Amino acid sequence: MKPTDIPIRLTVNGRPYEGSVHPGLTLLRFIRETLALTGTKEGCGIGECGACVVILDGRPVNACLVLAAEADGCELRTIEGEAREGTLSPLQQAFVDQHAVQCGFCTPGMLMSARALLDREPDPSDEAIRTAMGGNICRCTGYASILGAVKTAAAHSRGGDR
Amino acid sequence: MDQFAYDKPRTMDALKARLSEADPGLAILAGGTDLLTQIRSRLRRPSLVLDLKGVPELRALEIRDGGLSIGAAVIVNRIVEEQAVTSPFAALCQAAAELASYPIRNRATVVGNVSNASPCADSVPPLCVFGARVVLDGPAGCREVPVHEFIVGNRETRLGPGEIVTRIHVPTPGPGAFSGFLKRKRVSGHDLALANAALLCDPTRGLLRLSVGSCTPRPTLLVLDHSLDRPDPDEAAAQAQTMIHPINDVRASVEYRRDMVGLMVRRLFEMLAKARECRH
Amino acid sequence: MIPPDSLEEPVHQYVGGSHPRPDAYDKVTGEARYTHDLSLPGMLWARIKLSPHASARIVAVNTKKAEAVPGVRVVLLGEALHYRLGLYMADKRVLARDFVRYQGEPVAAVAAETEEAAALACDLIEIDYEPLPPVLDVEAALAPGAPLVHPELGTYSHMKGVFFPQAGTNIAHWQKIYRGDIEQGLARADRVFTHTFQQPAVQHMPLETHAVIARALSRDRMEIITSAQSPFTVRNILAHSFGLPHNNIRVQIPYVGGGFGGKAGIHLEPLCYLLSKRAGGRPVKLVCTREEEFNTLPSRQGLRSEITAGVTRDGELTALQVRYLWDAGACADYGVNIGRAAATAGAGPYRVPAVKLDSLVVYTNKVFGTAFRGFGHLEVMWGIERNMDIMAHALGLDPVEIRRRNLLKPGDTTITGEIFTTHHGRPDLCLDRVAEAIGFSDRPREDHPPKTVPRRGKVRGYGVAVLHKAPAMPVFTSCSAILKFNEDASVNLLISGVDYGQGTYTALQGIAAQELSIPVERVQVVQDCDTATQPYDWQTVASRFAFMGGNAVIDAAQDCLRQLRDVAGRVLNARSEDIVCRDGQAYVRQNPDRKLPYARLVLGYCFENGNSIGGPIIGRGRYIAQGLSHLDAQTGQGKAAINWTYGAHGVLLEVDTETGDVEILNIASAFDAGCVLHEGLARGQVQGGVLQGLGSALMEGFKFDDKGRFLNAGLVDYKVPTLHDLPRQATQHFVETPQTDGPHGARGIGEHPMISVPSAVGNALYDALGLQFHELPLTPERIYLAIKRAGAEGAGTGA
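Going down the list, the protein sequences come from chains P, W and U. Sequential numbering of the first sequence, starting at 1, is according to the numbering used here. Sequential numbering of the second sequence, starting at 1, is according to the numbering used here. Sequential numbering of the third sequence, starting at 1, is according to the numbering used here.
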């Protein structure tokens with residue numbers, strides 16, 4: 001069967017997108033190449049590292065294991081949607097303040113996993129953070145500062161300011 | 001990625017119509033976490049990818065006909081999250097929580113985990129002990145096959161041409177039943193099981209069932225109903241160890257697998273004993 | 001008005017503080033651009049075809065089908081390429097030619113309009129191989145009559161007088177460190193201990209895989225954008241390999257997603273250049289897959305350590321005879337220097353009167369090794385520090401006490417003949433700090449280590465280990481920095497060490513701001529390194545960047561201040577030496593109300609009548625390694641190090657004896673940093689290095705079958721630590737014994753957190769189980785089976 005492009009409509013960081021995609025195109029390549037949002041990274045291509053985590057209909061997923069066609073009708077959030085008009089979110093600010101960033105290549109995926117967690121569980125336990133973010137590999141920081149940053153951001157959002 | 005067509009039927013009838021074309025290059029896409037890695041490594045080159053997620057029935061996770069019905073498009077994390085319907089199936093919930101990583105579980109489906117027939121699938125031992133049945137639909141109509149018979153070998157199932165697994169039916173255990181799941185892996189983070197095991201003790205239905213995974217190409221099911229009143233962990237461990245025939249591979253040696261199976265069985269029975277104590 | 005005294009009060013102090021890292025903003029927003037993210041107009045995509053054999057002769061290659069794939073522009077084979085290249089020894093082919101030497105070696109490459117077309121074409125290249133018996137471990141490689149991985153080794157160009165390849169063998173380099181009379185030293189010992197320790201190769205696993213974009217230009221010029229650690233070394237090797245003037249080559253390095261040594265030296269840049277050249281100058285991009293990162297790109301070398309130590313009954317070392325056999329894999333262009341450098345540290349930070357140490361870098365038919373955080377020191381310290389504990393227990397000595405007795409003290413001589421002085425640092429204090437932090441002296445002694453190996457339940461164990469490392473680099477290693485002022489008196493710092501995550505730019509930003517006495521936000525370190533615009537630096541490796549770069553930045557800042565004082569003095573009618581630069585203003589010391597803001601000086605001062613003096617201020621700074629000497633070829637004696645950083649780890653762990661699972665309950669790490677330049681980053685380096693060290697200790701290691709096939713070449717079966725492996729408690733401690741010639745007294749600490757983590761874990765396992773482990777990684781399976789064997793055979797056996 002001859003592949004024909006698939007029409008898709010979705011919202012990307014709150015903005016509508018309409019277009020058509022090659023059936024074999026992964027969501028990751030769609031985001032990086034078609035949408036030119038290169039904040040989302042590829043680290044392994046098989047869902048083992050979490051560098052490509054984005055939020056699809058509220059759930060963090062590995063964009064390398066989703067077809068762009070599957071995102072039709074979905075709400076997609078990437079790292080580019082996290083800051084508002086150039087102002088860092090408290091979560092991003094916590095990563096900066098706690099030195100939870102080194103090479104930065106895992107950071108966007110890490111932040112997307114954390115964002116989805118805090119949206120569904122504003123006051124997560126350490127165990128909940130481990131579960132939610134255990135699929136994001138960081139080879140630089142040793143995770144302690146990342147864990148600290150997520151907890152700080154959670155405390156901040158409990159303070160009611162977001 | 002490869003040259004394939006993509007279709008996402010919106011109704012069961014439309015889906016079945018596509019299936020009846022019996023395209024040999026057809027690949028079913030539910031979660032995609034296996035399929036897309038296989039396409040990437042060029043282990044599979046489908047000509048048509050059929051996405052199940054458009055059919056509403058397949059997204060249903062509900063109590064129905066005396067059991068839990070898990071539609072083909074139900075993701076693993078829903079088993080963990082929707083405790084209102086899944087809590088009687090503790091072993092399955094525990095397996096779901098240990099399967100791969102959190103973002104993978106947001107795509108991977110339970111039915112996909114079973115249908116791929118990987119020997120280390122975490123959902124299979126719990127489904128076997130619960131007596132779960134795979135519900136198939138296809139040209140010859142509907143049929144049901146117990147999970148432990150559905151998988152016939154490493155990545156081989158009894159799925160017929162043009163057939164599809166629409167859902168899995170898991171009979172609800174009786175009141176006071178205990179079930180548990182344990183998994184051994186190389187690291188504390190996400191990893192494939194080097195061995196896994198599930199136990200069900202269901203006194204009202206007279207069932208004591210054990211299943212061990214990752215150590216045989218086909219699922220195992222050990223029926224210990226006769227010893228329901230006096231479960232003997234050592235005997236069960238010994239039987240489980242005879243039943244399996246693990247391999248040496250990059251994940252573990254035969255010896256470690258065999259010993260860990262024995263340990264997990266004993267620990268499951270300890271959990272059972274503790275649960276019984278709590279009730280008394 | 002500021003009274004004269006207050007000019008001396010500190011302002012804009014950043015050294016030792018914790019200001020935010022400027023790159024973090026780009027990284028948390030996704031704005032940071034890595035090589036992965038870049039593309040150029042007209043760009044082609046490359047893919048590589050890999051050898052499936054560990055050793056084979058290439059019999060025939062057919063590229064017809066590949067060339068017929070729509071969109072394919074170039075199919076390149078090794079037979080067309082005569083180049084051999086490498087950092088210290090030119091033993092690497094761009095593409096395999098005639099023979100393949102490891103599974104995963106690139107044999108052919110394709111450039112095409114799309115990545116898919118290139119991948120498909122690679123699949124369609126047909127290669128006939130005649131498989132040859134591979135050499136898969138160091139002992140087999142050293143055996144008489146072993147197949148030679150590099151039969152032409154004797155003809156390879158290499159750094160002469162430093163490396164000693166043995167033609168007609170598999171020995172790429174033989175480093176000797178001989179000092180004192182070994183026979184006498186062993187004779188003087190009350191006890192002699194001989195043990196062998198092993199560890200496999202491991203992967204750096206930077207999150208960003210290697211990526212290159214190359215563009216061949218007319219008249220033999222080229223532009224390279226690459227995820228490399230060292231722009232000038234990439235340029236230098238390209239220039240030498242292709243016989244081109246350096247100015248024909250421009251290397252640019254955007255953000256880099258981790259390196260850990262794996263992106264030092266040179267990798268895929270020459271291949272991409274050649275593809276671009278064949279494609280008529282169209283840019284060519286190659287992004288490695290994670291699987292290629294394992295199969296094709298270099299790893300950390302494996303090591304076998306054969307250690308014989310003589311010791312008095314009081315635990316004083318009398319002699320150390322060591323053979324280090326490095327499993328270099330199929331190339332050792334960088335690995336030779338690991339065998340050299342780690343040998344200079346190969347006795348541990350101890351006083352050893354007699355040493356006979358032979359370090360052999362040995363070729364095998366496996367994916368090759370390169371620099372990896374710690375540069376051989378984690379590997380040698382695994383054996384040295386495990387052996388130290390084995391001796392302590394055999395002699396009935398406390399593990400901390402036996403180390404204290406032997407640690408280097410001022411006046412002692414190291415194994416390469418360097419005199420240890422008071423400013424070298426305090427390994428003893430580091431050891432004390434970690435021992436105290438984990439409660440080592442209060443640990444339960446009863447039945448620890450147990451006489452009978454426990455087989456049920458969980459047991460705890462305590463272990464310590466010390467470490468040291470100096471930067472390993474050529475004797476003439478140098479570095480430079482430029483500070484240039486902008487119109488508003490903000491400053492750009494140009495330097496070409498690369499900050500691939502370690503945070504050096506942030507530390508240097510703080511140093512520059514403090515020296516110039518301006519707010520740290522006013523200093524911008526230019527992120528993208530470019531050999532065309534940035535001043536020279538050798539390589540970003542060896543924990544030397546903060547040390548050498550820091551000195552160069554101070555030098556550049558002083559140069560700026562001289563120029564500022566000169567212009568200000570002329571404007572304010574004061575001697576330039578009476579001008580004080582403080583808080584962005586130039587003051588006359590005796591009369592601080594006479595002052596000028598930097599902004600009026602930095603581009604030149606304009607008098608009221610329009611006359612102008614001065615001009616744009618550009619500070620130039622430089623630093624070169626001081627006083628290093630080549631090591632004597634026969635004895636290894638000489639000055640090998642610009643500075644040594646000492647440290648220690650203490651570990652409290654718990655083992656589940658029924659599964660072999662290990663949980664790290666507490667790990668304390670201490671380093672004599674000389675001066676902590678940036679507290680947050682220093683802690684981050686330690687936290688990250690410790691976890692990476694725990695990866696080496698507990699889970700990481702390459703596995704090959706008997707044909708040399710790589711069994712766990714990907715993240716499904718090669719596991720690295722995740723958030724689930726975070727130790728329950730971890731503390732970082734810093735001792736600050738100033739390094740006389742360090743910037744603010746600082747020494748490097750980037751690599752050290754990883755070193756000796758496995759040793760401390762192994763020692764704690766002995767305390768917990770009474771079992772001596774000799775081989776890494778300490779996986780649950782290895783530990784469990786050792787417990788089981790010991791149970792079957794009685795206590796006290798090794799594993």
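Keep in mind the hints are simulated off the structure, nothing from the lab. Predicted model only: the values in this text are computed from it and were never measured. All C-beta atoms in this analysis are idealised placements derived from N, C-alpha and C, irrespective of residue type, glycine included. A few of these clues could be false.
[Said to hold, decoys possible] Covered by chain W, per the in silico footprint, the following chain U stretches (three or more residues, Cβ under 8 Å): (1) 78-85; (2) 718-725; (3) 771-783.
Results for each hint:
Look at the segment 78-85 of chain U against chain W: 0 of its residues bring a Cβ nearer than 8 Å to a Cβ of that chain, fewer than three, so the hint is violated. Given a C-beta distance limit of less than 8 Å, the hint that chain W covers the segment 718-725 of chain U holds, as 6 residues qualify and 3 suffice. With 3 residues having a Cβ less than 8 Å from any Cβ of chain W, the segment 771-783 of chain U passes the three-residue criterion, so the hint holds.
When held up to the earlier numbered hints, the structure conflicts with hint 1 and nothing else.
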